[in-house]
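Following the hints, complete the assembly by docking chain B onto the known chain A.
For reference, the chains in residue letters:
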Amino acid sequence: MSDERFDQDLRSVLLEDAPRDVPEGLRRRVAAVPAEHPAGSTMAPPIWRHPVLRRVGTLAAVLVVVAVGVWRFGPALDPGVGDAPSPSPTSGAGASASLGASASLGASPSHRASPSATATGCMAADLAGRILGWQGAAGSRIAGVEISNTSARPCFVRGTPGLGLVDGGGRVLIDSTRGGSGGQPRVSPSDPSFELVPGGRVRTEVRASNYCGPAPSPPIDIALQLPSEGGQVVAVPADGVSSAEAVPPCLGSTGGQIEMNGWRR
Amino acid sequence: MIGVRTVQRPAAGHAQNATSMARPDESGGPAARRLAFERLTDQRLLRAYRLATFVLRDASDGEDAVHDAAVLAWTRFDELRDRRLFDAWFDRIVVNVCRQRLRRRGVRPLVMDVGTVVPLADGASGRAERDALRRALDRLTPEHRAVVVLRHLEGHSITEIAARTGEREGTVKSRLHYALRELRAAYDAAERGEEGQR
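Listed in order, the protein sequences are those of chains A and B. Using our numbering, you'd call the opening residue of the first sequence number 510 and step up by one each time. Using our numbering, you'd call the opening residue of the second sequence number 17 and step up by one each time.
Isolated chain A, as found in the complex:
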């Protein structure tokens, strides 16, 4: 095999897989950046532009934040709090909100992020789900899944939904809630809350394996049963996403499995 042919094929694969255009939505978002965001360095007092003083300032700011955090939350403060989305300045007030009828959001000090005081748990009617793509792997199939807030009010998602792989006829191929308590919709005290403003979205990856039933009819969807009786959201394939690689192969009679990563932005 010649190096030249390898190089050509590598480049052709990269070119074929590379986006050919910038999505219009991204172009608009980037064009709006100067109008929506203050130009930080022009707003700062000139003295802070000095590199040494800027480092000292940054260090001082970090120390203040850490000190306030220790005072406010105690030693249980999770360093991952910076990863929690949209922490609200009114987080103290939000600690009394609830996901729904049965699950408390958790007012415990170890709670990583609190939604704003006005946000409540997202209900299925507030959300739309999309499958962004499927990847085939040995014995399993992995989908990128996104849910977005289509309502006019902010809400938050938290915890792990029950999951189902559903075919085009509405038949449930794999159902996590039939596999014991581990697959039931649930919220753990350490689960972060993700506040979704109208249009906001969160993503995850869902892995399905071992389907041994009759041939399903496309398209393949993923049903998400929200915790706390939040209802059921069905993620459907986004435009251009094929279900050809969505159904995992049969591995034996142990039953199908479906699981997901934690939510992320």
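Certain hints may be false.
What the hints assert, rightly or not - Taking lysine to any residue and the SDA-like style, the derived pairs with C-alpha atoms no more than 20 Å apart in a straight line are:
(1) B:K189 to B:R155
(2) B:K189 to A:S699
(3) B:K189 to A:P727
(4) B:K189 to A:F515
Said to hold, decoys possible - If you only want the chain B side, here are some residues facing chain A, beta carbon under 8 Å, derived:
(5) A52
(6) F53
(7) R55
(8) D74
(9) A75
(10) E79
(11) T91
(12) R146
(13) R150
(14) L169
(15) L192
(16) Y194
(17) Y203
I should point out that these hints are in silico values taken from the structure, not numbers from a laboratory. Virtual Cβ for every residue (Gly too), placed ideally from N, Cα, C.
Just chain B, lined up with the frame of chain A:
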């Protein structure tokens, strides 16, 4: 128990190099500054989006990363003294934002843990090798994919890649060597029809 669906199914150019447009000491008031930023980002957007999409292996995530990079670039635009260097500077911000997003995922993406992939059906001559390349690209770490894209798609030199990734040239060479070795092994195995055994 999961029930039957209840929701409605929804209905179904290369950018120019910014260096040719920007002047080294371009400055002015807020309006000129904003105009310069918009012009530079607009020229760079497609390449930045391609880079982010390849590194993150997710077009939607790539969009968000480029947007976040644009916000960072705008808030720090005055720190860029020579706007001829905007391309490399912006690419570096994109790479850093991608790194942050990968870290923020908290767990390794499932696509990195899948092990042996299922071979796709053979098609026309060379199809199997190219499919093998795609799967091997998926298996590379984001850092290795970034250097492959910057070298073999964007055509940058080792020095230019180092500037864009914030790594030493030796690190870039090493990553490129490792990545190409992995890609080549997958490619050769597919040519010999051995991929299923890999």
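Handout entry: Closest C-beta approach of R150 of chain B to chain A relative to 8 Å, hint status
Key = holds, 6 Å
Practice task
Identify whether the interface hint at L169 of chain B stands, where standing means a beta carbon of chain A within less than 8 Å of its own.
Solution key: holds, 4 Å
Handout entry: Restraint check, 8 Å cut-off on beta carbons, for D74 of chain B near chain A
Key = holds, 6 Å
Exercise for the section: Identify whether the interface hint at Y194 of chain B stands, where standing means a beta carbon of chain A within less than 8 Å of its own. Expected result: Where the cut-off is 8 Å and the nearest Cβ of chain A is about 15 Å from Y194 of chain B, the hint is violated.
Exercise for the section: For the pair supplied as a hint, K189 of chain B and S699 of chain A, confirm whether the alpha-carbon distance does not exceed 20 Å. Expected result: violated, 42 Å
Handout entry: Status of the F53 of chain B interface restraint (C-beta, 8 Å, chain A)
Key = holds, 6 Å
Problem - Interface hint status, A52 of chain B versus chain A (Cβ within 8 Å) - result: violated, 10 Å
Handout entry: Restraint outcome when R146 of chain B is required to lie within 8 Å of chain A by C-beta distance
Key = holds, 5 Å
Exercise for the section: Have a go at the E79 of chain B hint: is there a Cβ in chain A nearer than 8 Å to its own Cβ? Expected result: Because about 5 Å separates E79 of chain B from the closest Cβ in chain A, which is inside the 8 Å limit, the hint holds.
Practice task
Verify the proposed pairing of K189 of chain B with P727 of chain A, using a straight-line Cα cut of 20 Å.
Solution key: violated, 45 Å
Handout entry: Hinted contact A75 of chain B with chain A - closest CB pair below 8 Å
Key = holds, 7 Å
Exercise for the section: Report holds or violated for the interface hint on Y203 of chain B, using the least CB-CB distance to chain A and a cut-off of 8 Å. Expected result: holds, 6 Å
This entry does not satisfy hints 2, 3, 5, 7, 15 and 16, going by the numbered hints stated previously.
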